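Chains as they are written, first to last, in my numbering: chain A, 2 to 114; chain B, 267 to 1068; chain C, 290 to 417; chain D, 11 to 150; chain E, 494 to 988; chain F, 3 to 96.
No wet-lab data here; the hints were simulated from the structure. Being a predicted model, the structure only gives us computed values, none of them experimental. Positions of the beta carbon are idealized from the N, C-alpha and C atoms, including for glycine. Errors might be hidden in some of the hints.
[Said to hold, decoys possible] Cut-off 25 Å, straight-line C-alpha distance, at most; resulting in silico cross-link-like pairs (DSS-like, lysine-lysine):
1) A/Lys52 - B/Lys1021
2) E/Lys647 - B/Lys421
3) A/Lys99 - E/Lys846
4) E/Lys647 - E/Lys596
5) D/Lys80 - F/Lys58
6) B/Lys1021 - B/Lys854
7) B/Lys858 - B/Lys977
8) B/Lys1057 - F/Lys93
9) B/Lys914 - B/Lys969
10) C/Lys333 - B/Lys914
11) B/Lys858 - B/Lys1021
12) E/Lys521 - D/Lys80
13) B/Lys854 - E/Lys647
[What the hints assert, rightly or not] A few chain D residues facing chain A, derived, Cβ under 10 Å:
14) Leu30
15) Val34
16) Glu35
17) Leu38
18) Asn42
19) Phe48
20) Ile49
21) Val139
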Amino acid sequence: METLITVLVGLLVTVAVYLLLSRNLIRVILGTAVLSHAAHLLLMTMGNGLKKGSAPLLGENANSYVDALPQALILTAIVISFAVTAFLLVLAYRTYKKTGTDDLHALRGFNDE
Amino acid sequence: MTITLSIFIPFLAAIFIPFIYKRIQNRHIGWFVIIVPIALFIFLASFIPSIANGSTYMHTIRWIDSAGIHFATYLDGLSLIFALLITGVGSLVILYSIYYLSERESLGRFYVYLLLFMGAMLGVVLSDNLMMLYVFWELTSISSFLLIAFWYHRKKSRYGAQKSMLITVSGGIAMLAGFIMLQSLTGSFSVREIVATIGQYTDEPLFLWAMLLVLLGAFTKSAQFPFHIWLPDAMEAPTPVSAYLHSATMVKAGIYLVARFTPIFGGEAVWFYTVSGVGLFTLLVGSFNAVKQTDLKALLAYSTVSQLGLVMSLFGLGSVALQHGYSPDSVIYTQATFAALFHLINHSTFKGALFMVVGIVDHELGTRDIRRLGGLMAFMPITFTIALIGSFSMAGLPPFNGFLSKEMFFEALVNARNLEVFSTGTVGTLFLVVAWIASVFTFVYSMIIVFQTFFGEFHPERVEKPSSEASFGMLVAPSVLAIFVVGIFFFPNVVGNYLLRPAMTAIYPSFAGAEGLVPHIKAWHGFNPALWMTIGVIILGTILYKLIKYWRGVYTIAPLRWNLDTAFNAGLTWLEGGSHFITRMYMKGYLKDYLVYIFTFFIVAVGGSILWTGSYSFDFTDNSPIAINEFLIVLAMAGAALAMIFAKSRMTAIILNGVLGYSIALLFVVFRAPDLALTQTVVETVTTALFLLCFYFLPEWKKERSARKTKIMNGIIALSAGTIVTVLALAVQGNKMFESISVYFEDAYLLAGGKNIVNTILGDFRAFDTMLEVVVLFIAGIGVFTLIKLKTGKEDKDIEDQ
Amino acid sequence: MSVNEIGEFVGALLILLGGIASVISVFGLIRLPDVYTRSHAATKSSTLAVLLTLSGTFLYFLFREQFVSVRVLLGIVFVFLTAPVAGHLLVRAAYRSKVKLADISTEDELHDVLYKIESENDGTSDKS
Amino acid sequence: MRINDVILRTVARIVVFIILTFGVELFLSGHNNPGGGFIGGLVLSSAFVLLYLVNDIETVRKGIPFDFKKIAAFGVLLAVGTGFGSVLFGEHFLTQAFGHFHLPIFGITELSTVVLFEAGVALTVVGVVVTIILTISEDV
Amino acid sequence: MMNNIIVMPMIIPLLTGIILIFLRSYTKTQRVFSILSSIATVVVSLVILNRIQHEGILRLDFGGWLPPYGILFVADSFSTLLVVTTSIVTSILLIYAFSSIGKQHEHMFFYPFIFFLVAGVNGSFLTGDLFNMFVCFEVMLLSSYVLITMGGRKIQLVESIKYVTINVLSSWFFLIGIAYLYGTVGTLNMAHLSVRVAEVGQGPLLTVISLMFLIVFSLKAGLLLYFWLPGSYSAPPTVVAALFGALLTKVGIYAMFRIFTLIFYHETVITHTVIGIMAILTMIGGSIGALAHNDIRQIVSYNVVIAVGFILAGLAISSEVAFQGAIYYLIHDMIVKALLFLIAGTMIYLTGKAKIQEMSGLIRNYPMLGWLFFITMLSLTGIPPLSGFISKVYLGQGAIETGSYLLLAVAFISGIFVLYSLLRIFLNSFWGETIISEDDDVPLKKGMLVPCVLFAIMTVAIGVGAEGLAPYVSDAARTLMNPEIYIDAVLQGNR
Amino acid sequence: MIETMLTVSLVLFSITILIAVVRIVLGPSMPDRVLALDMIGVNLIAMIAVVSIILKTKAFLEVILILGILSFIGTIAFSKAIERGVIVERKRDR
């Protein structure tokens, strides 16, 4: 299972990187979103082993629990990625309104002669 | 203590000058300033007797104790000579400037700079601690920079200032590196301590580097070839400055440094060859170039370059004496050093006088172009006399002090030919020949100064102002110097015994009191080779001067025309252009390029190190089993992810992203993470809503128009990045080295009273993370608000998109 | 077989039925010719599928652990409530955004209404 | 073109109610069951999102006249403040206290300062999500 | 003894920021409140700094959870020195903001974002937990995203897209790195990480993971991967640019020092060599860039790049003396870069131009500004007795002791490039013919000049009074050199 | 027996999801895709229900409800986006 997920993570990273490298603003943002998915999944696989033990709820009275720490970290990371994505989206929106283009090739910025 | 104070007095004065300047209107501010150097001169002069008796003065104030950097002053014979020159010439120059600069100039500024310089220069020669020396060393560069660009609205002034600053500061930084190396070797920044212990380190490779770097500093400051190019351009400074900094004092700082370090590095072959070789070559180049100058100040600048070379080479020759320590035989080589010190003093007198003369000419006639001048003798008799004295002294003619030191120079060279050390032989002869040729040119340009300016016919229409003799005040300073020029010729041994003897002892501590260390200077010493050489110089020089218009064409010959100035300018231009070109090449402003750099670096660094260190040992034994349905879901996710790349519309891409997000929620369920699954679902939905909200306003995306090649490149980069992440993750999973700390949290109920471990971690164990994460969210929320609401767009006249 | 076991079995059976229904509906989704027909498959039968599954789950928990899961019940109610509305909205949206009907469709009763409104609106700006 | 949303609005009214209740439930049960401040807050805000989707901004504003920025700020203040509170009591920063109290109506209840902290989190989440959505939607 | 005080440098700005949100429409109150609280931060951090000298490294376990399980703040001399400098720099920059940023910004939560930024920066310095560092980074980064876009001018938006994207990317890389590290050694506390890494030895796998962190922090610090830096530091308003120039890269640098002296210090042959090479390339690239442009903002930004290379040369050398040099330089650079950015911004404000050849002779109308620039230039070049000097000496000593001559050469030569690039500004813009007549020049507000003067005084004071800082700096360098001091302080006993 | 039935149904659900993804990729129209997404959401609910039976835990029952709620909200958002573009109006009746 870990290997499968890891390969999936690799695939997601590939997709994310490819999207990041494109010229379109929206694709770039989607790339960051996919990358955050990949990072979360990766963090998940780094615990004490997937599917080993029951959910980390003491009410379940199980013998062993899965690693709860990565879960907490991922939760934090998810919220942060949400915040970042939201900001990035609005930034893209504002940029488009201001410049009239979403082509990153046209958005070069400083052109000191 | 008082010596330390003497360094500070000019600085203190510099602070007060602007205030005084604001108060007084009717009197020239210079009269207040001049008190400082005169007082200091008198104060320092009072040390002459005791120093001559061999005492030295040392005083230390702790500064940066932990780094061994102290404010340590040390007064011995060597520093005394320089200190006296600084304050003495300084007094005269300020006196001269009072008449030279009109009150319309911003005199407050001028004198502040000048006092800064004076203090810095005193600091250089009186410091014992190398770092202190460096502090003041750079300060001289800076004050010189400010003085050169005193008339900063002139382009040439700025150019000259920039050039001198760049060259001298660069040299200074090199010197700093050398100093630090010395400290690393010996463990001390104190010159005296280094002198005492350096013997045991001379074989270290660092020693050689330190020597070369220190020399670099000295050469740049003293305008030695090929760093001499800044000096002629520095002549844009007001003439008093040129007289003071660029002939008498600052340029001698390098000389001082060489003298000061002779006990440390002297006796080394590299030191000998570098110092004397560079010195002689500078002498030749300087004198040769001086002849072709038409601007009197430029001529003097080149002459200064050549004279500095002369002194430098003498120090190089004199360092030989230290090769095997003290022996009666090697004393003879110290005479070169003696000559160097002597010429140093002489040069300050006659060159100072000459600069002032040129200043007078410039001041009275509005030009200093030799081609426009002539016949000034008639109405500027005093000026003429001073010029005559100065030039003849420079040319090495009796009865002026230049003659004495020139003779000693030749003598030292003749001695050097007999050197048994460093397998000189032919090189010694070469030195002699070079020096002699250079002297001939020196003679020629000295004659040019006197004869082309003061003899011949006066053409009033060629000058810009009506001409008359300068005011009395302006003549005082050069006259005093001229008197010294003559006086020293007649009483050279006063200087020799009182000033030079302690200095020689300072340079050659092991020779202290040796017979012949301080020779008796005689004007007439029989027909020895040196005199014959002088006579030869006069004869050939006269001939060359007379025939100058026939051989002037030499200067237009190509190799001689390529000068270092153009090289320096071209270098700077090339540097800027090249930088621009290179920076443009990789800083294109495209996000994509930057990302490519980052990923490339990632692939090379991380991927490379994975391959290199072979950290790809996998271990799949610990894997949990895969259920078919999980496999199918992963397959669906993979399909959705891949489809995102090829999605033709943004909405499809958003939907696919949603599929990914929801499937991840399912994976979280499979991995027993209910909280995550909940969060992931909600966040995914809200994100999707946001995507929809924003994308409505953006245009439908176009097909990527990139070339096929770019796409393939992107694909390769993406694939490698993905592969690296996977490989590394697999390696990590196969190499779990420790149990996670998270077992601890399974006691959550006991510890924190919660049964949901994840929630207790978030709310208690790692509540700080949660708190900050809330802050992050909050910032994003308010940030979005700000981003949308705050529009200062109307003031867009701004300087954007240039 | 105790009552509980029968209950569990029934629950599992319902779930299996749900799975089958779901597969059937997805075949509809992939095979049917246009969005309108597909929406039948997607909304109706997959709602059925999920209802079957959830009921199964409810029964399973009820009989196995004597646990009345309010959440699952709520979920059932919820899906019942929302699925038709969602389907309705979506198809309306599809129609309004002028997704073409399949070629085999014979009639489009609202055709005139839609395009009439459109032509009326052409004068004014259609930017809401 | 006016679009008739009667069906949607009718259903939405019920749904929003369910979501809100469920959100509060999730928030409260967080310490022992899945849920907690974040999730509770997110679910609550999704209810608001639904409200805004179904109705327009003006209508909702009439019903809920809050400045959501302030709510968010208040939430952060609460979250940070509970941490700061423990400092005032001479405890380590962010020390959470919990205890079992005997309350008249509820019987033995576990009370914890975590609840305050989590409430802050939830308020922030709601405030921020709604602020973002409102801000974008208003800027047309 | 409770160490709650060490969370204050983060909490005070945080609370201030939140409270200022409520004070949105009261500009005056905002100003007073913000300056007061930033002064409070300065005082608190100074107190911490002094307590460390008496009591050793301080730590605060949040919620009383002992490390490695809970999150904790660790204040050692290194981090606290940076916190002190950050607080001081921010206070002074606030003064500049009062007179320059404008009502619109103030109304739109400008000050809160500044405080959030500072909270993030201080948190990153103080935290002893790797994941918490990630979160603190995010606090800092999100505030910086907002600040860089604030005002919404076209150039800001365009540049910030690059800035945000690249930083988001590096954040996820950071998270991936944390995941790897957690996977291998199963902990997040930095001291505990160090212990565990030391226990198994830093094998090839851990070295590869350390390179992952190197990339992340290089991106933040602008070490070799500085492409985003010149553009994004040129776009925002002056105060923000100064804040960025002074603080942001320093956080990356700090993190790099922390990680590579505390955790991954075993395989210096690989990691520190790589850092050294990167530092050299950075200095070269920065030097070239600083000469390539005529826009002051760009020149100034590239100077930031050079400084980054210089400081990390100290890490690459990795000896106690070199660390001292690097720390001195960090402090110096935070102050002087802020000053440099302020002056550059003020010049643009006064002339309305950004290119050096378009302005000329400013010194006639604004002599004070000109001399301040001059001092800045000298200080950055490392001319004594200004603040850049002592670090140069120490770094030189470190380089010579360890035989890193190439680093030494590049580091010292880069100083000349710094000088030249700034000299061009000085000669062209301050000297030269005065173009603007005295009648229609823009008056230089006191509120703009005072902060510059304060910074200038600081650079002189630090240079002359370097000995005053010496005990702190040497303690910091000692701690960096001997990770066990840090580890002991964190992991041993319940204080 | 029960185990097998549950596993089989899980597989069936995942097949459904897989095919629905194919529909999303194929399109052709946007409502098709949203329809498929909705369907995926519904199937995820079912899967989670089954998974929680297999894992013998009640922890995931909340997820079921949440997913139900959210796939509804998502679908509404998408359909509004398709229909009107803007999904949150400032004021109706404009």
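Consistency of the hints with the structure:
With a CA separation close to 20 Å, the supplied pair A/Lys52 and B/Lys1021 stays within the 25 Å bound. Note on E/Lys647 and B/Lys421: the hinted pairing is violated, with a Cα-Cα distance of about 37 Å set against a maximum of 25 Å. Restraint check for A/Lys99 and E/Lys846: satisfied, since their Cα atoms lie roughly 23 Å apart, inside the 25 Å limit. Pair hint E/Lys647 plus E/Lys596 holds up; C-alpha atoms about 20 Å apart against a cutoff of 25 Å.
For the hint linking D/Lys80 to F/Lys58, the alpha-carbon distance of about 43 Å lies beyond 25 Å, and the restraint is violated. Only pairs whose Cα atoms come within 25 Å are accepted, and B/Lys1021 paired with B/Lys854 is rejected, the gap being roughly 55 Å. As the CA atoms of B/Lys858 and B/Lys977 are separated by approximately 12 Å, the hinted pair is consistent with the 25 Å bound. Under the criterion of a C-alpha separation no larger than 25 Å, the hint pairing B/Lys1057 with F/Lys93 is consistent with the structure, at around 23 Å.
Of the supplied pair hints, the one linking B/Lys914 and B/Lys969 holds, its CA atoms being roughly 7 Å apart against a limit of 25 Å. Pair hint C/Lys333 plus B/Lys914 does not hold up; C-alpha atoms about 29 Å apart against a cutoff of 25 Å. For the suggested pair B/Lys858 and B/Lys1021, the alpha carbons sit about 47 Å apart, so the restraint of at most 25 Å is broken. The straight-line distance between the Cα atoms of E/Lys521 and D/Lys80 is roughly 20 Å, inside the 25 Å bound, and the hint therefore holds.
Proposed proximity of B/Lys854 and E/Lys647 is supported: the alpha carbons are some 18 Å apart, at most 25 Å. Because the closest C-beta pair between D/Leu30 and chain A is about 21 Å apart, greater than 10 Å, the hint is violated. The interface hint given for D/Val34 is violated, since its Cβ lies 20 Å from the closest Cβ of chain A, which is over the 10 Å cut-off. Hint status for D/Glu35 relative to chain A: violated, with the closest Cβ pair at about 16 Å, above 10 Å.
Contact between D/Leu38 and chain A, as hinted, is not supported at the beta carbon level, the nearest pair being about 15 Å apart and thus beyond 10 Å. Proximity of D/Asn42 to chain A holds as hinted, the smallest CB-CB distance being about 6 Å (cut-off 10 Å). This hint holds: D/Phe48 has a C-beta 6 Å from the nearest C-beta of chain A, less than the 10 Å allowed. Interface hint at D/Ile49: satisfied, since its Cβ lies 9 Å from the closest Cβ of chain A, which is below the 10 Å cut-off.
Annotation: D/Val139 was flagged as interfacial toward chain A, and the flag holds, the nearest CB pair being 9 Å apart, inside 10 Å.
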